[in-house]
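**Q** One-letter residues, chain by chain:
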Amino acid sequence: MTPALDVQALCKRYAPDRPPAVDALSFTLAPGEVLGLLGGNGAGKTTTIAMLLGLLVPSSGRILALGHDMAGDRFRALERMNFSSPYIALPHRISVRENLRVYGHLYTVRGLESRIAELARSLELEDLLDRPAGELSAGQKTRVALAKSLINRPALLLLDEPTASLDPDTGDWVRTRLEEYRAQSGCAILLASHNMGEVERLCDRVLMLKGGQAVDQGTPAALLARYGRADMEQVFLDIARGTGIAEVVA
Amino acid sequence: MTPSLRRIWGLVYRHLALFRRSPPRLIELMYWPVLQMVVWGFITAYLAGVQNNVASAAAGVLLGGVLLWEAALRSQMGFSISFLEEIWSRNLGHLFVSPLRPAELVAGLMALSLMRTLVAVLPAMALAWFLYAFNILALGPLLVLFFAALVMMGWAVALGVVSLILRFGAGAEALAWSILFGLTPFAAVFYPVSILPAWLQPVAYALPAAHVFEGMRAALLDGRAEWGHLAAAFALNAVWLALMAWLFRAQFRAARVRGALLNIGE
Chain A
548 MTPALDVQAL CKRYAPDRPP AVDALSFTLA PGEVLGLLGG NGAGKTTTIA MLLGLLVPSS
608 GRILALGHDM AGDRFRALER MNFSSPYIAL PHRISVRENL RVYGHLYTVR GLESRIAELA
668 RSLELEDLLD RPAGELSAGQ KTRVALAKSL INRPALLLLD EPTASLDPDT GDWVRTRLEE
728 YRAQSGCAIL LASHNMGEVE RLCDRVLMLK GGQAVDQGTP AALLARYGRA DMEQVFLDIA
788 RGTGIAEVVA
Chain B
5 MTPSLRRIWG LVYRHLALFR RSPPRLIELM YWPVLQMVVW GFITAYLAGV QNNVASAAAG
65 VLLGGVLLWE AALRSQMGFS ISFLEEIWSR NLGHLFVSPL RPAELVAGLM ALSLMRTLVA
125 VLPAMALAWF LYAFNILALG PLLVLFFAAL VMMGWAVALG VVSLILRFGA GAEALAWSIL
185 FGLTPFAAVF YPVSILPAWL QPVAYALPAA HVFEGMRAAL LDGRAEWGHL AAAFALNAVW
245 LALMAWLFRA QFRAARVRGA LLNIGE
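Going line by line, the protein sequences match chains A and B. For the first sequence, our numbering gives the first residue as 548, with consecutive numbering after it. For the second sequence, our numbering gives the first residue as 5, with consecutive numbering after it.
By construction, these hints were calculated from the structure, which means they are not laboratory data. The beta-carbon is built from N, C-alpha and C at its ideal position, and this holds for glycine as well. There's no promise every hint is true.
To be verified - Residues on chain A that point at chain B, a partial pick, calculated with CB under 10 Å:
{"id": "1", "residue": "Arg621"}
{"id": "2", "residue": "Leu625"}
{"id": "3", "residue": "Glu626"}
{"id": "4", "residue": "Phe630"}
{"id": "5", "residue": "Leu653"}
{"id": "6", "residue": "Thr655"}
{"id": "7", "residue": "Gly658"}
{"id": "8", "residue": "Ser661"}
{"id": "9", "residue": "Leu676"}
{"id": "10", "residue": "Pro679"}
{"id": "11", "residue": "Thr717"}
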């Protein structure tokens, strides 16, 4: 089966005199799998996601997304991918419905109005559809961003901190919707998050980045066992602070 | 509708929705062309020594220049500012990770530019007829060709502006408003190219606008269609559009290499 993502020896160096932001990164993401991309600030997550989306050209290496080479055939892949980040807002002067129509057209969604109605029902947006996106609360904006990211029924979803700055209740609600969508569609999800509870709940596998390199990977359970920790937050701190397995075990 | 046209429509729809929700934006589009027309109309009335009827040939040349030059100005600004709107609303990230191809982005911006130009220039044309009895439609089909040539020149300049914004970021934004005004002296809008010093005339003739305005003067003053000038205008447009499209493509690629698309506008 074709992996949703097949990343080989990916490197990005912004300038010759600076260390690489991403260095020799290789991983795969199977269809229907949820992979957590973890790392501290500056670990290379944003750069990696930008390369996976075609927003940034790698210095070397290869990305196959849904079987398409992102170097030469990225638009075929992008038609079946989508992305959500609370750090990239949707145009706030136009309504939620208009925003969803815009992206429905950009992703050439068939039966757009019924797709918008379906998303509005499942994401509880019906009362928000005709309100300007800029007038919504943070939680409402997150739901709208989620609707935008699901408008084309993506087979590969890239999420950059999808529940950042949300209250626990809204964050839980978003995670539940993501679980439902994954179960219904078999969508593969790459999730960058600093919320370790979220990672433990959603991710089948975790890839830990530090200094642009993959320093460890495995299922959350395997990582907990390997580092001898009770939760992923402690595993994250061990890796981010450079406390290796040996020190942990000692 | 083909997938490509659907994506272009998506971009156009987003801006139409913006205008629907912000009527002052529409008024702003018409404001400067109408103001220009009023001021130039009274200047020509004053120079012609009459007050309400300036439909003399010389006055017509000036008013025709004002109206047609507005087509180039509004076309260039319509393209550049529509692109800037995406930066200001921080929407470029979403657009560039969608299946919208760069060529479709450019086509959408051209369509928006044409719409904005028509909204801006048509009221000024009506006002010229109403206040000063100057009917630019008397140029007939030539008007469409003049208009098309100037709109295309606006697109070429705008592609250059957008390329500079991709290269230099927000620091180049001011060019969206100013760059075509800087070309006005060489575009022979209000006077023939022969008025310019000999060494400047080749510069003027490298601009499609100079050929359009030479053609406009011939049509208004002598009733002649200067097909040579029109052909030169369209040929130059083809060259400038090809050059600027190459520049845009190169700068877009360079921005993807540098990572500039991640934080453009900041």
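**Q** Work down the list of hints and note, for each, if the structure agrees.
**A** Hint-by-hint comparison with the structure:
1. Interface restraint check: A/Arg621 against chain B, minimum CB-CB distance 9 Å, threshold 10 Å, status holds.
2. Hint on A/Leu625 holds. Least Cβ distance to chain B is approximately 5 Å, under the 10 Å limit.
3. Using the Cβ-Cβ criterion of 10 Å, the hint placing A/Glu626 at the interface with chain B is satisfied: the shortest such distance is roughly 4 Å.
4. For A/Phe630, the interface hint holds, the least distance from its beta-carbon to any beta-carbon of chain B being 5 Å, beneath 10 Å.
5. With a least beta-carbon distance of about 4 Å to chain B, the hint placing A/Leu653 at the interface is held under the 10 Å criterion.
6. For A/Thr655, the shortest C-beta to C-beta distance to chain B is roughly 5 Å, which falls under 10 Å, so the interface hint holds.
7. Checking A/Gly658 against chain B by beta carbon gives a least distance of about 13 Å; that is not within 10 Å, so the hint is violated.
8. Nearest Cβ of chain B to the Cβ of A/Ser661: about 16 Å, over the 10 Å cut. The hint is violated.
9. Annotation: interface hint on A/Leu676 violated; nearest CB of chain B at approximately 13 Å, more than 10 Å.
10. A hinted interface residue such as A/Pro679 counts as satisfied when its beta carbon comes closer than 10 Å to some beta carbon of chain B; here the least separation is about 7 Å, so the hint holds.
11. Here the hint on A/Thr717 is broken, as its CB sits about 22 Å from the closest CB of chain B, past 10 Å.
When held up to the earlier numbered hints, the structure conflicts with 7, 8, 9, 11 and fits the remainder.
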